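Colleague: Spelled out, the chains give:
There are 2 protein chains.
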Amino acid sequence: MKNRATGLGVGLRPHMKTAKCLEVGKIASMEDFGPVTVSTLAETAYFAAAGCKDITLAVGITPHKLAPLADLQRRYSVEINLLCDNLEVARAVGNAAQALRTAFSIFIEIDCGGGRGGLDAKSSQLVALAQMIGNSDALSLAGVLTHAGQSYRVGTFADIVLVAEAERSAATTAAERLRDAGIAVPIVSVGSTPTTLAAQSLAGVDEIRPGVYMFFDLDQFCLGVCDLEDIAMTVLATVIGHNPRSKRLLLDAGSLALSKDQSAGNRCEGFGYGLVFSIDGERRIEGAIVDDVHQEHGFVAGPGNFDDLTAAFPIGSRVRILPNHACMTAAPYDRYHIVRTDDQRVIDIWSKVRGW
Amino acid sequence: MKNRATGLGVGLRPHMKTAKCLEVGKIASMEDFGPVTVSTLAETAYFAAAGCKDITLAVGITPHKLAPLADLQRRYSVEINLLCDNLEVARAVGNAAQALRTAFSIFIEIDCGGGRGGLDAKSSQLVALAQMIGNSDALSLAGVLTHAGQSYRVGTFADIVLVAEAERSAATTAAERLRDAGIAVPIVSVGSTPTTLAAQSLAGVDEIRPGVYMFFDLDQFCLGVCDLEDIAMTVLATVIGHNPRSKRLLLDAGSLALSKDQSAGNRCEGFGYGLVFSIDGERRIEGAIVDDVHQEHGFVAGPGNFDDLTAAFPIGSRVRILPNHACMTAAPYDRYHIVRTDDQRVIDIWSKVRGW
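Residue numbers (the working numbering), protein chains in the order written: chain Z, 1 to 356; chain P, 1 to 356.
Watch out, some of these pointers could steer you wrong.
[Claimed, not checked] Below, simulated DSS-like cross-link-like pairs (lysine-lysine); rule was C-alpha separation at most 30 Å, straight line:
1. Z:Lys352 x P:Lys352
2. P:Lys65 x P:Lys352
3. P:Lys352 x Z:Lys65
4. Z:Lys260 x P:Lys65
5. Z:Lys53 x P:Lys122
6. Z:Lys352 x P:Lys260
7. Z:Lys260 x P:Lys260
8. P:Lys65 x Z:Lys247
9. Z:Lys352 x P:Lys65
10. P:Lys122 x Z:Lys247
11. P:Lys122 x Z:Lys260
12. P:Lys352 x Z:Lys247
I should point out that these hints are in silico values taken from the structure, not numbers from a laboratory.
Keep in mind it's a predicted model, so treat the numbers as computed, not measured.
Whenever a hint applies, use it, and build me the whole structure from the sequences.
Modeller: Below, the structure is given as structure tokens:
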């Protein structure tokens with residue numbers, strides 16, 4: 001992704017909401033530690049305490065969250081950039097920041113078609129919002145920012161190319177309108193993993209904010225933006241039972257350990273709640289999937305004979321599950337075990353942040 | 001549930017996998033602290049450290065998990081009951097327990113139709129397994145245990161009545177077969193919240209293990225086993241945006257804060273990822289639901305005019321989301337805020353266990 005950003009002529013502000021981990025962030029960052037993107041107060045505090053000096057909290061802000069952020073800015077000399085798409089909220093945020101005797105830099109969020117946060121790039125409120133931010137003693141305009149969340153919901157790589165252009169176009173259109181009104185727009189920020197990898201041009205864009213590429217997952221594989229071999233995070237589980245009546249292996253990893261996300265299933269048939277690999281990273285039974293989950297149980301089905309499945313995976317043996325959606329699967333864990341691929345040795349343990 | 005157990009003439013061994021919380025467990029328990037059920041090593045350690053002396057770890061055991069359990073038994077004088085449905089595993093567990101200089105009591109798990117763990121009640125291996133457990137120096141037979149996981153997947157309350165009888169019948173059939181072979185079966189254990197509440201008889205059963213009733217949720221409401229007013233756990237979220245293009249309110253609670261579980265949707269239409277109540281527990285807009293989730297964003301749709309929705313829930317206002325599935329929603333949180341219903345004051349904070 002660093003090469004991709006360099007090739008596209010843009011900066012990289014990796015989104016840490018997937019990995020939530022200092023060591024992963026240092027690998028992802030252009031510098032040690034360059035700018036990052038986060039999505040919770042807990043992640044903001046974690047990366048500020050780790051020494052990151054430039055953090056974008058990329059979820060629309062409300063004034064009641066400013067006190068802990070002001071505290072972080074003071075304690076760690078970090079600059080925290082916030083998102084806003086609303087005049088009244090911007091006024092309240094400016095007043096609250098002033099009362100807290102701090103200042104925040106604000107990205108105006110643009111909706112490029114996902115219908116989540118953000119003004120339409122052509123909104124009549126865009127210029128007024130930028131002016132209000134510029135006129136506040138406690139706020140400054142960081143730029144415009146958009147995220148094409150819809151890139152995860154399209155059908156093919158060709159569709160992502162179109163979404164990437166819509167994302168670029170929305171952000172640059174908004175920036176041009178502000179510049180035409182005489183307002184400086186320091187940063188035009190876009191990005192998701194699929195759109196960053198599919199974009200044919202990022203003309204007019206200053207930085208990208210992909211995140212899931214650090215691990216990839218089955219959903220990204222089904223979108224056509226990675227290979228199965230690129231998926232870097234797996235869930236280690238133990239075979240705890242063989243049920244000949246349901247013809248299922250049972251794992252001690254269920255809906256909490258794997259998540260109930262089935263996004264890959266929108267495009268690829270038959271991935272269930274994850275693909276089953278043996279512990280050495282081999283796919284011992286082609287087509288073996290976690291086809292059902294209870295809270296702490298995973299049910300594994302294979303395409304062929306049940307005896308083949310049980311022979312390949314005896315009770316007590318361990319398997320690796322490739323996840324549908326790395327963000328959802330990684331989130332509840334406290335740490336990653338870093339495994340050397342040639343001999344499966346755990347060579348390090350990296351802690352991570354979780355919760356809110 | 002205490003009254004229900006008393007009325008049915010059975011003991012109550014509440015399943016703590018939903019609440020994962022000491023204070024909730026004390027309320028649920030017949031005594032302070034009576035027997036409990038758990039589903040992870042982390043929950044076992046948490047309740048052992050809290051002083052619980054009789055814990056059933058109700059997920060099929062494998063030998064590599066015995067060392068931490070042996071340590072808990074020694075340190076806290078707790079008896080940990082394990083599940084097994086396989087001769088080879090029972091032999092390996094007995095050998096491992098002996099090597100660890102400890103002993104475990106073992107429930108033989110019976111599959112009553114869910115196709116998860118357990119032998120068929122009529123399995124030819126049942127008696128041999130009980131004999132192997134009885135003959136091991138390090139194991140003793142606690143009894144037979146089954147769980148009708150399929151009770152969450154049926155259509156109506158009448159269906160649950162049938163599942164409850166299948167659950168009872170499987171467990172008591174297995175117990176009778178063992179007793180006919182001259183083997184003592186101290187405990188016949190069954191239960192889920194739906195089957196416990198629907199069962200017409202629990203003749204021959206000694207204990208029940210329901211869990212989700214401590215909170216209830218929309219799925220249980222749709223199953224017909226609780227009212228909306230009975231749902232005791234909600235997720236507090238803030239309205240962080242209004243998007244007039246998608247006609248959605250945005251919340252700072254998404255797929256991680258609410259979970260992606262949509263089990264209630266199997267029976268009730270239109271509950272999405274949760275029902276939206278105002279902070280005082282009122283349902284300000286009938287039919288307002290979280291109809292989509294991203295990682296840290298919830299999208300709220302209402303049945304009527306978007307202006308009514310935004311007027312009821314201005315940006316910065318807070319809402320309570322009633323969850324689809326309490327087990328999935330509560331799991332990643334570190335604590336509960338205990339709220340007095342009459343004035344919405346937080347009167348206590350209860351920590352909980354999470355992870356594995």
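Colleague: Does each hint fit the structure? Answer for all of them.
Modeller: Hints, one by one, checked against the model:
1. Z:Lys352 x P:Lys352: holds (19 Å)
2. P:Lys65 x P:Lys352: Holds, because 22 Å separates the two Cα atoms, which is no more than 30 Å.
3. P:Lys352 x Z:Lys65: holds (24 Å)
4. Z:Lys260 x P:Lys65: Judged against 30 Å, a Cα distance of about 25 Å means the pair holds.
5. Z:Lys53 x P:Lys122: The given pair, whose Cα atoms are some 65 Å apart, is violated under the 30 Å limit.
6. Z:Lys352 x P:Lys260: Holds. Z:Lys352 to P:Lys260 sits at ~22 Å (cutoff 30 Å).
7. Z:Lys260 x P:Lys260: Roughly 6 Å separates the two Cα atoms, so the pair holds.
8. P:Lys65 x Z:Lys247: holds (25 Å)
9. Z:Lys352 x P:Lys65: Cα-Cα ~24 Å, so holds.
10. P:Lys122 x Z:Lys247: holds (17 Å)
11. P:Lys122 x Z:Lys260: Not OK: P:Lys122 and Z:Lys260 at ~33 Å, beyond 30 Å, violated.
12. P:Lys352 x Z:Lys247: violated (36 Å)
Going through the hint list in order, the structure does not satisfy hints 5, 11, 12.
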